[in-house]
Amino acid sequence: MKPTYEVRPEGTDATLNEVALLHRQSQGYYRDIASAINADDNTAAGFFTELAEYHEKMVGKINEILSDMAGGVHTPSRSSETYLKKQEKALNQALQSKNTSELADLAHENERAISNAYEHALGNDKLIEFARDLLEKQHEEVLTWVNKADRYKTVPQDFNDHYDDAK
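In my numbering, the protein residues as written are 6 to 172.
For the record, the hints were derived by calculation from the structure and aren't laboratory data.
Predicted, not measured: the structure shown is a model, and the values here were computed from it.
Be aware that a few hints might be false.
To be verified - Straight-line C-alpha distance at most 30 Å; calculated DSSO-like pairs for lysine-lysine:
(1) K66 <-> K142
(2) K142 <-> K131
(3) K94 <-> K158
(4) K62 <-> K131
(5) K103 <-> K90
(6) K131 <-> K66
(7) K142 <-> K103
(8) K91 <-> K66
(9) K103 <-> K62
(10) K94 <-> K131
(11) K91 <-> K158
(12) K90 <-> K66
(13) K103 <-> K91
(14) K90 <-> K142
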């Protein structure tokens, strides 16, 4: 049986919720992108599908901890919106024109913004240790995806090269 986490320093659940929201939003955007470009570009669709799956896995791990924590309802702040959400107009234009180069740039910036959110979250000195451990481990995976997104911009067909060992 999983232990319950009754004692929680202020900010742990809010911090985890904010990070989870970034992953949840990203997952949705990347699935939408993959669906929109699937018929035109299998390589791009595959990349965005992998991004969506990675975000789904990340939010699942955070949700496991959140479900064990006693707590109230958390209202996300505007700072927990993804870069993609903040750049929705540019994203829609890139989708309409099927501009995979622009979509790749937006994805890279989104992943960098998520990495920055992890750094900010890890700066919370009130995080419970198990939450800090999870976020540190996940941040390593986020950094791998920042690099994959950067590589995809220059060598789309080989975006996984050199990063498969990190899985």
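Hint check:
1. K66 <-> K142: Answer holds: K66 to K142 is near 11 Å, not above 30 Å.
2. K142 <-> K131: holds, 18 Å
3. K94 <-> K158: With a Cα-Cα distance of about 20 Å, the restraint between K94 and K158 holds, given a limit of 30 Å.
4. K62 <-> K131: Within the cut-off at roughly 25 Å; holds.
5. K103 <-> K90: Judged against 30 Å, a Cα distance of about 18 Å means the pair holds.
6. K131 <-> K66: holds, 20 Å
7. K142 <-> K103: Violated: K142 and K103 sit about 34 Å apart, past 30 Å.
8. K91 <-> K66: holds, 25 Å
9. K103 <-> K62: Roughly 27 Å between the alpha carbons, so the hint for K103 and K62 holds.
10. K94 <-> K131: Answer violated: K94 to K131 is near 37 Å, above 30 Å.
11. K91 <-> K158: Cα-Cα ~21 Å, so holds.
12. K90 <-> K66: holds, 23 Å
13. K103 <-> K91: holds, 19 Å
14. K90 <-> K142: holds, 25 Å
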